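**Q** Both chains are sitting in their own frames, so use the hints and assemble them into the complex.
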Amino acid sequence: MDLIANLALGFETALSLQNLLYAFTGCLLGTLIGVLPGIGPVATIAMLLPTTYALPPVSALIMLAGIYYGAQYGGSTTSILVNLPGESSSVVTCLDGYQMARKGKAGLALAVAALGSFFAGTVGTLLVAAFAPLMTELSLSFGQAEYFSLMVLGLVSAVVLASGSLVKAIAMIITGLLFGLIGVDVNSGTTRFSLGFAEVADGIGFVVVAMGMFGIAEIITNLARGGGEREVFVKSVTGLFPRWTELRAAAPAVLRGSALGSVLGVLPGGGPTIAAFAAYSLEKKVAKHPEEFGQGAIQGVAAPESANNAASQTAFIPLLTLGIPPNATMALMIGAMTIHNIQPGPQVMTSNPSLFWGLVASMWIGNLMLVILNLPMIGLWVKLLTIPYKYMFPAILVFCVIGVFSLNNATFDIYLMMGFGLLGYIVVLLGCEPAPLLLGFILGPMMEEICAALCCCRAATGRPSSPARSPAACSSSRRACWSSSCCRASGRGARRRSRKRDRRSAGRVASRARGEVSAVAGRAALEKQAFAFIRWRGAAVAQLVEQRIRNAWGRGFESFRGTTAQMSGRSTRAKTAGRRSDRVGCRVRRLRNQILPSPSSAEGSCRPLRNAWRPRSGS
Amino acid sequence: MLVVLGSLGAFALALPVLGFFLSVALLVVLGSLAARDMKPAEIIIVALVLAISCWLVFVKGLALPFPSSALFG
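Protein chains in written order, with our numbering: chain A, 442 to 1060; chain B, 234 to 306.
Just chain B, with the same shape it has in the complex (with noise of 0.2 Å):
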């Protein structure tokens, strides 16, 4: 419980440093800590889909507006 809530303010804190991509690969692999039963490779796996797929939905397809990075513009 913990660990997805923590994960939440991760995503919170990382979004205006590290933008959305990397941000919500960090959710994804925070948030799957949670589950005891992921494999590292799994993770890794899933945080990349969805942080490309979410990117491609929601930045691209519906330009919902998101923080630009300050690390990365």
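One chain only, chain A, in its complex shape (with noise of 0.2 Å):
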């Protein structure tokens, strides 16, 4: 089966000797900095990027991946054991680890929260390796319009799912994309909102944004709010191995908590952290004795621990099938494969299936290592929380400012850096979310690129590159585009089409006709946005085009749309879309004649009235 040879492959390529090493460090790492509260995955991977370029991508991919991996075993500890969480995904676990701790179950906590944990990350591999050649299928029918879409969804998931206030999501969204918009315009290569410094012509960078945010802020709010006592339950960690009853009550649990965090993982805006929260609510419900919960009941420790696991597993998927990463780390592995000159995407799993399949196999491995790390080295870590954390945050500050200087050596990033951390620290003061910002501002100019891309290819056709089947993603590229000269070209007609497209009301056939009477408007349209279209592209190319559309006009509508197709690079689906034009007109002509019937209209009569199509001037 395909499956089982491409997992040999991974298999091969993860056991080899470095790639263990890199596990495994990437795992040590993880739990390290899962551990420590005040410094997560994410400003932990984007100090590491900058390092990772000596090292081979698929090293450096399982490295990182085993940190992300390794900071949610490594949380649900301090949140057991100090009630204080050592990831935002490890919240949830407070309310019962801590309960447990405290009637000397401390043991049997993080037993059950490890174990749980490995039983997740090996259904998420699984599932990552069953479903990833399916995704990767289905995404390469995916055009434009449908990644601009999935960018939008994530953008709203991660609205809808922040916890807080909406406005303050939406607010800290478009704060993110306004941050993104810095840098040179893609289409028109003026720069904007560079205040004159040249350093930031190519855009801020992400890992500057991610290291003042999370890092520096996170440090700012700590010592603003200053070190108080924990209390650390250090002694009463035995009992490590749990027995039988134990593990029967916590199972359905941590299968609950598994399925909920696999597919909470996959969609974007979602994470370990929703899949945490979910997990905790479900149990919630459908427990026998829900009063149990907050005191202490093993399921409110098995299930969110095993759905941010599994979360934290299926949450590669979107980003090695689609190169679309669902939350703010996986971006952060975006990066990364850029600096390894791997472009993220379907097409990773065809031209590199060793670091697809190698990632894959070594998310395992890491599972299998991070149990081992956890529980029997579990006092390690104990003594490591000890540590005050006035010894620990000029760590993470140097740790902070190396790595971001290191990607540029420009000390301009640095002071970015300052900037950040100061906003950073006022976003936590206003109550919101640092995240969805992060979301915002790597999306917002993917965002801008592809709905660059569709309004040219509109100018060029005149309709839509995708139209029956997503038409919501359409009129909402559409009403996204703001900043593109081409869309000021084909601007009326295109919104007059889209107010149509939204005025669509319940009956389907009248929506139908709206739309076919739109595109059959198009047509007419379409003349004149080609020269417009010509005028934009300039001269040598209106050249071409003009004589190719006078050729065509001549032979007829169906050769110009399939050449303006072939310029557009999709001949398929244009011969097909001119072929449906025709059809288009003569359905209109029949609903019109149904509508008002004439004398002269005879039912069934449908010829194409190609030859008394006159382009209108003013349409």
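No lab work stands behind these hints: they were computed from the structure. These numbers come from a predicted model, not from an experiment. This list has only true hints and no planted wrong ones.
Simulated restraints on C-beta separations:
no.: 1; chain 1: B; residue 1: Leu281; chain 2: A; residue 2: Glu890; range: 46 to 52 Å
no.: 2; chain 1: A; residue 1: Glu890; chain 2: B; residue 2: Ile278; range: 49 to 55 Å
no.: 3; chain 1: A; residue 1: Val627; chain 2: B; residue 2: Ile277; range: 47 to 53 Å
no.: 4; chain 1: A; residue 1: Ala692; chain 2: B; residue 2: Leu289; range: 42 to 48 Å
Ideal Cβ placement from N, Cα and C applies to all residues, glycine included.
**A** If you want it as structure tokens, here you go:
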């Protein structure tokens, strides 16, 4: 079976000594930062990104991935023992885990968390291995409109799933989008919002933003709050190997948590935190004794821990198959892949199979390593917890600064990071979350590029690039496209068309008629738009296109569509679209005859009136 | 908060002048001033330890390029 062969290739890659070493380093680092409050996987991956430049890409990704899911394991340790979440996804574990520790069952809680996480990690890895090829095939049929809609979905989900007020989350996303605008405009070549600094001509690096908002801001927040006395249950970490009855009690929770986590990890805007919260609420709903939750129920530890681990594994699916990051950490992974000249997207699996399957296999190996790291070596991590924050934060500060500086060897980046640290602190003070800002910052430029490409296609062919399949995508991209000069050239006709589409009523016939009328009207605007496109593109191309249009007009509409579609590279769709437009015209006439029957029209007479078509001037 | 940000700025300013090692030490010293309960001796020890370990890891180990200091070359 293909899966077995691919997994064999993956294990072969992952079991090489170098990759094993990097996986171990990643898991160790991940557990370390998961245990330490105040530094998370985003900041660490951002810090280590530049240092992975010298490594081979597989090893770099293995290490970074190890950090990511290792942090989920480590976060549970602090939540259970100290009531301080090491990770945002471990917040829920605090509720029941700390209560269990206070009752002396810390060892059981830790063991269930680790074993549940391992099971969930295995499930997650299997899902990645099984579904990734399917998703890749699906994603190959994605057009640009679909990618755009996915990104919009990501932003919307980030808003919806964010804890806290909706307005604040939207404000954060828009701020992120605005920061993403800084730099050279894709279409016109003008520098935007750079305030005269040449260093931001390429846009602000996301590492700078991530470190500033997550690392520096976190340090400032912790220092401003002041370190308090933390009650650490160090002595009562015994009984690490649970009894069979306890395992049986926790097993259904683990299964449910893994399932929920796997689903939520794939969704954009989801991630381990959401998965943990959702799993906890689910457990509370289906529990036989819901009043136990909050007092030390074992399901309250098992479910969120399994969920956050499953989510962190399946978060790799959209990254590796579609090239779209579902959360901020995955966006940094995209940065890592770009550093190594790997273009994230559906072709990663086919062009770099050893990378893909090696990463998948090392996920499972990493989970295994993490169970070993977490259970027997728990004493080491516990001792680490007793280091006061005042010794740790200078180290974090130094690592942040070095990480940011080594990206571009520019001290300007450090000043930028200062600015973002200040911004992050203000954001936290105002009660907003910094994560949507980072998502908006990363997805904004991507969305703008796709939008610009869509507008160019629209100007060339006079019709949306994927008309019937994703009208919502088209109208949303139309509305979102404000900065492209292409839009200005073809704006009027397209706006009218999108307004027509917006006013879709409930009846399918009426809506289809209106859509078809607009498509027919679009044909009239086609020539006008084609010439607008010509004016925009320049004289040399203009002459060629104009000549082609005149030839095609003489030959008939069909071949013109073929020519322009060839220019935009989608000939098959355009050919069928050309035939479809004739059917469209026919259907429109039939509808019109139904609505206003005229004596001259006979039932079923529907010859394409191509010769009667004349482009009107003001449509 | 201002101390932390100020220490970052000081690092950025000091890096081409003082070189990596001393800049890191300066960063740590200034940053530690933000924590109110550190004794001067602790600050110096932490600064030295961090500077030495960072120098070993980043400059010697990972060979990251840093600007050579104006004072020390």
